[in-house]
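J.: Note that the protein sequences, when read in sequence, are chains A and B.
All the letters of the first sequence, read from the start, carry residue numbers 16 to 129 under this note's numbering.
All the letters of the second sequence, read from the start, carry residue numbers 14 to 127 under this note's numbering.
Bear in mind the hints are in silico, worked out from the structure with no lab data behind them.
We put the CB at the ideal spot given by N, CA and C, even for glycine.
Any given hint might turn out to be false.
As the list claims (entries may be wrong) - Short, incomplete list of chain B residues facing chain A, as computed with Cβ under 8 Å:
(1) 28
(2) 74
(3) 115
Stated by the list, open to error - Using 30 Å as the maximum straight-line C-alpha spacing, the simulated DSS-like pairs for lysine-lysine come out as follows:
(4) 73/A / 84/A
(5) 91/B / 84/A
(6) 83/A / 73/A
(7) 91/B / 55/B
(8) 70/B / 96/B
(9) 83/A / 64/A
(10) 55/B / 64/A
(11) 83/A / 96/B
(12) 55/B / 70/B
(13) 70/B / 91/B
(14) 73/A / 96/B
(15) 55/B / 96/B
(16) 64/A / 84/A
(17) 84/A / 55/B
(18) 64/A / 70/B
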Amino acid sequence: AQSVTQLGSHVSVSEGALVLLRCNYSSSVPPYLFWYVQYPNQGLQLLLKYTSAATLVKGINGFEAEFKKSETSFHLTKPSAHMSDAAEYFCAVNRNTGFQKLVFGTGTRLLVSP
Amino acid sequence: EPEVTQTPSHQVTQMGQEVILRCVPISNHLYFYWYRQILGQKVEFLVSFYNNEISEKSEIFDDQFSVERPDGSNFTLKIRSTKLEDSAMYFCASRLRDYSYEQYFGPGTRLTVT
Numbered sequence: 016a017q018s019v020t021q022l023g024s025h026v027s028v029s030e031g032a033l034v035l036l037r038c039n040y041s042s043s044v045p046p047y048l049f050w051y052v053q054y055p056n057q058g059l060q061l062l063l064k065y066t067s068a069a070t071l072v073k074g075i076n077g078f079e080a081e082f083k084k085s086e087t088s089f090h091l092t093k094p095s096a097h098m099s100d101a102a103e104y105f106c107a108v109n110r111n112t113g114f115q116k117l118v119f120g121t122g123t124r125l126l127v128s129p
Numbered sequence: 014e015p016e017v018t019q020t021p022s023h024q025v026t027q028m029g030q031e032v033i034l035r036c037v038p039i040s041n042h043l044y045f046y047w048y049r050q051i052l053g054q055k056v057e058f059l060v061s062f063y064n065n066e067i068s069e070k071s072e073i074f075d076d077q078f079s080v081e082r083p084d085g086s087n088f089t090l091k092i093r094s095t096k097l098e099d100s101a102m103y104f105c106a107s108r109l110r111d112y113s114y115e116q117y118f119g120p121g122t123r124l125t126v127t
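Just chain A, same shape as in the assembly (with noise of 0.2 Å):
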């Protein structure tokens, strides 16, 4: 079985700061790992992805996740917030075989104050 665990509910950092969002998972064979961004009333958007390849993985909007094995981590950073960063992240695991479901942690809410 796959999951994945998002520490903090949310996370408050002023515009400029660095954003450091947390996800561990848990997987019995090697995973794709994303990071989905939601804002309000929106659906999910693939910020970036996992797919073994490069650890050090870049996305959207300037944000950016490393993949650790040793750790079992896949966190994003981004250098420098920005006040239209404020949603919610998911983190999100699947197989690399089968028909490839994700499974979801349970979201982080970025907030920004200026």
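For chain A, the structure is supplied; the task is to place chain B on it using the hints.
T.: Showing chain B alone in chain A's frame:
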């Protein structure tokens, strides 16, 4: 850019009524999914669909739920007799083919059961 669309954006129904949620996946995609998100909770997998049949379903997807791809474009989720606990945001997603990993999500349908 192609996108997944869902209708309606908001559906209100009375307990015990049947509802059909509609999705139009991206046109050349082969894999289709429904997920749901109860307010304040994480996104949960319901069902995946490939080659005109269900490929995987969760324990949530009981006999009250069904999916169908009635023509070459639509993908529907039917709930036969809605319960209060079916109130949630329902997301449709599609994926291109076997070795593509990204699932593209629609904006969701908010289902409110009264």
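J.: Does each hint hold? Answer for all of them.
T.: Tested hints:
1. 28: Residue 28/B check fails; min Cβ-Cβ to chain A is 25 Å, beyond 8 Å.
2. 74: 11 Å, violated
3. 115: Holds, about 6 Å.
4. 73/A / 84/A: Holds: residue 73/A and residue 84/A sit about 17 Å apart, inside 30 Å.
5. 91/B / 84/A: 40 Å, violated
6. 83/A / 73/A: 15 Å, holds
7. 91/B / 55/B: 21 Å, holds
8. 70/B / 96/B: Between residue 70/B and residue 96/B the Cα gap is close to 19 Å, so the pair holds against 30 Å.
9. 83/A / 64/A: Cα-Cα ~14 Å, so holds.
10. 55/B / 64/A: This hinted pair holds, its Cα atoms lying about 19 Å apart.
11. 83/A / 96/B: Measuring from Cα to Cα gives roughly 42 Å; hence the hint is violated.
12. 55/B / 70/B: With a Cα-Cα distance of about 17 Å, the restraint between residue 55/B and residue 70/B holds, given a limit of 30 Å.
13. 70/B / 91/B: 14 Å, holds
14. 73/A / 96/B: 42 Å, violated
15. 55/B / 96/B: 19 Å, holds
16. 64/A / 84/A: Answer holds: residue 64/A to residue 84/A is near 15 Å, not above 30 Å.
17. 84/A / 55/B: 24 Å, holds
18. 64/A / 70/B: 24 Å, holds
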